[in-house]
Each structure stands twice: as structure tokens, then as C-alpha cells.
Amino acid sequence: MKASKGMGMNEEKERKLAEKYFKRLNFERKESPSGYYLTFNSLDVKDFLKESKVQKKPTQEVEAQENSLIFLDNTLLTEEKFHKAKKEKFGFDFRKNKFEAFNLAFYKAGVSIKINKDLKLSFISKTSQIVRNFFLIENANVKIVEFYTGEGFSSINNKFLIKNSIVEHELINNDSSKSFVQDSFKLEASKLTQRSFIKARKELNLKAFNFEVLESDVIQKASIINSGSQLWVSNFGKAVEKSSIDISLRGVFSNSSTFFESFLESDKKANGSNMNIEIKGIKEKNAKVFCVPSLSIKNKNCNAKHSFSTVELEKGEFEYLKAKGIDNKTIKKIVKENILRWWKL
Amino acid sequence: MILEIKDLWVRVEKKNILKGISMKFEDSKVYGVLGPNGSGKTTLAKSIIGIQKISKGKIIFNSKDITKLPPEKRAKLGIFLGFQQIPELEISLQSLLFAIDGEKAEEKINKLKTFEEKLGIDMKRELTGLSGGEKKKLEIFEFLYMQPKFAILDEPDSGVDIDSFKILVKAIEFARKEFNPTLVIISHYENIFNYIEPNFVYVLKDGIITKSGGKEIIESIKRHGYE
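Protein chains in written order, with this note's numbering: chain A, 3 to 347; chain B, 5 to 231.
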């Protein structure tokens, strides 16, 4: 499988980026750099076609075994007909998969999955505009089936592939020629400003995107960039063996560019670790929220759950504070400030 | 006269809650507004502060028509509502008071240290998960802090234990000595008026004023109820 050249970057540059990324993720570095493959813009229409052509190896049939994960769109979970069809196609009932509950939460908020060696994954969706990344290491085997609705663009952002990993991407009902480039971009946290963020977003014509902070020691400080056009980036530590991590995030979503990313890396010895992520946000009127929780699943004994919810600022809260002599603008300000204080920032 | 309500109508979900009531309140007097549950007492309080939309009528404060004034501006003029129900707020009282007064808040809070301690107020605690009694104490503290000219206390006595009740009464007595506001105490119990004697009483039932007059009305309610 070769890297895509669709975004105008040469292969060497792509490979270097991939190496850098994988290094940060603690992937084992291979002797030969050619072992890393990175595909940006993998689902630009042209790239998608190219990629389809290089799918030489047949994807193994996914089996309902412990090391097999099936991520299934929650819409699909409710569609009996689809279930029946997929059961025929894949040979088992997804609803009996032990990760099913997990799927529901993740599909609502988006998912980023790092797939371990020998782990087989089936990723089935008919929704769009969900940010997802795939990090595949050696011998990983992924089957992606996407059912498009509306304008019809893929919800896969990036696929990071290592040699011998296999992706079979099945596109069904691509009813539009409006598929557009989705990309990830990188900025240094210390240089990140609202202006640079917006500029990058415009340049890349993104509806959904990834964001990576290169300087890991700055990440905590960069958790909240500003409270106007909010961009939240969080990095959480590793889960070591039998460890338990509980993460609770809160935020105020004030406009369409509000964005959350949590990044959770699991150690290779994460056997028996527990990870609980809860994200709660206060959503102002018309705010749109994207959430990209990232999760590494390294071991069948790893447990993880995720929840995501937003609420609008309640009328009763506004009324109470206004009755105390505080105007709308100040109310929003103090609610945000207190959430930041809760974060101890 | 500090505040006058003229022919106030409030309609909520196709039902008239207040049906053309008129009331007058004089400077530095204590008023009792009594009535059974659902009589429109809280709606009346919310209408005066401006968070309840009214269908008809006028509210005059210090000779100024404030009927169309937003609640925050009414509060700035010196009208205070001590809420019966407080929403869950993920902000602290300290933040709230600083939002009102900025840096001056600190000085004002310091002057109320005694009551802060007596009422068990935690300035930095988020206003979530408060018990009924804690909410009442919070409202009383805000009342002392804001020193309004016209204060409505909506059922300050409900849900508080006897010790807390005594502190609330002391706080109200303190307020009367310090800044002497017009005080409107809403309640469906007569007990609080044994401690804070009203100059005038209004009885509200089914959205209309059924009785008004001196404190003897309270004695009548005690004996005969609201019938």
C-alpha cells in the first residue's frame, strides 16, 4: 500500500510527518522508514479512487472474537433491515458484540482509534461529519463500510497506516460529487491564536478536522485557547497496567468553531486498565459542537467508556442572574470564567 | 410611595394567573403578601422584578414607569427579589457579587463577615447542590449585600429549621436598621409575621386581591384560613 499524493505533498514529506506522529504516539520505530505510511486527504474523491486501486490484499472476514471490535453507527443499530443484511454479509449479529454500548457513545462524538497488532476492526457507518482517525499498526486489519447521506462525504479524516496493515474501504451510496478534502493540520501550541486557527481552518476548507499540538509540554497550557472561538486541546497521560483514569471535561460552547479534543494514550501494558471519559458542555444557542475523544485500545481486558453531553444555558439561570442586576454579556462571561476555574486554569 | 402596581394581568399558557391586581407600597414599610399555593404570589414577585412577562398593567417605581425595563435594570434601581427557587448555577456567590460590583464587592462582603459566618455562606462554593435552607440563607445574604430600596422575599421561611429561621429574622432586622428598605414578605404561613410585624397585608387568591388591610388579617387567616 502506498501513500497518497493527493494533497500535493511529496511522499518523503508525508513519511516524515508520519514518523513524527507515530513517535509521539509511542509506536515502535521500525528500522526502515519506508515501513511507515501516511495518508492525508485519503478520502478526497481522487485519492479514494487511488486508494481503492491499491487495495490488493483481500480483507479477511471479521469474526466475532474477543480481539475483534465492531464499531457500528447508532443509526444502524436501530435499523432492523440493515442488521439483517449485515448479518448476512459479515456472518454475525453486531448487536451481540460486547463493544456495542461503547459504539453508541463514540459514534455520537466521533472516534479515534489506534489499533493494535492482530486486532481486527470493522467500522460501519452511514452518518457523515464525524471526525475519525485511524492509526493502524503492523498487521492490523480494518474494514470500513460507510453509508453516506446528504451531501455525501466521508467522515474519515486520516488514516495512518503501517506496513502490512490492511484497509478495505467500502463506499455505498455516494450520491454527490461534492465530497471535499478533509485534512488535519498542525500548529505549535505556543503560537496558536484564534486568528491562526481561523486562518488554517479557512485555508483547509474544513468542516471537520484534527488538531495536533506539537509541543507536548505546552499542551496543558493550551487546553483553552480563548473563550471566544474556543478550541480545546487536552492531552492525558498514559494508562499503565491496572490503572484507572477518570476524566471529566467541561466547557462552554459559544459558537460554531467550538471544538474539543481529548487524547488518551494507553501504554502497551495497559492490561486491566480502566478509562472513563465524561465531557459536559454548556451550549449557547446555535453553537455546534464537535468532540473528538481519542482512545487507544490495546488489550482485550481494557475497559473504557465515554459520555458526551451539552446543554444550553437555561432560561432560569439567566433570569436569576438578571434579577440580581447582571446583564446577558456579563452572565456569559462569569459562567465561562467559573468553568475555567473549575478546570484550574 | 415607592412602588405601585396598576391593573396587572399575567397570562401563562392560556391561563390568567394574575387578574388585574393593583397594589401600593410605601417607603420603608413592611408588607405581607399571603395566599394559598397557586394563588399567584410568586408570579407577582417575578412580574415586579421583570422576569415574568405581563399581559397588561403598569408598574411604577419611584414615579418612573418601569413596566418595560429589563430585570437587570430594575435591580440596579434598587429592586430585589429573594427567590423561592434558585436554579443550579455553576458559579460561586463570590463571582456573582463581583459581576455586580467589580472590585467594590470585596469591601461590601467584608462588612457582612458576621452574617457570612452566621449564615454559613461559602463564597467560593458553586451554587449547585444547595439544600433548601442553604438557598434561603443565600438569598438573605444577597439581600443584605445589595441593600435594595424595595425587597421582595419570596417565602424566606419555608424549608428552614428553627435555628436558621432565627438567623433569617435577625438578618431582616439588621437590614431594617441599616438601610431600611420597603419589605414585601411573601408567605403562605403566618409564622414569620409573628417575628416581623407587617404594616400592611395583602391576601392573594386565584390571581386577585381578596383582602387588604392591617395585621389583623393575619389573625383572621390563622383562625379561618383563606376562605
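Treat the hints with care, since some could be wrong.
[Claimed, not checked] The calculated SDA-like cross-link candidates involving lysine to any residue, where the alpha carbons are at most 25 Å apart (straight line), are:
{"id": "1", "chain 1": "A", "residue 1": "LYS317", "chain 2": "B", "residue 2": "ASN66"}
{"id": "2", "chain 1": "B", "residue 1": "LYS68", "chain 2": "A", "residue 2": "LYS334"}
{"id": "3", "chain 1": "A", "residue 1": "LYS334", "chain 2": "B", "residue 2": "ASP105"}
{"id": "4", "chain 1": "B", "residue 1": "LYS128", "chain 2": "A", "residue 2": "GLU319"}
These aren't lab readings, by the way, just hints derived from the structure by calculation.
So, against the hints stated earlier in the document, which numbers end up violated here?
1, 2
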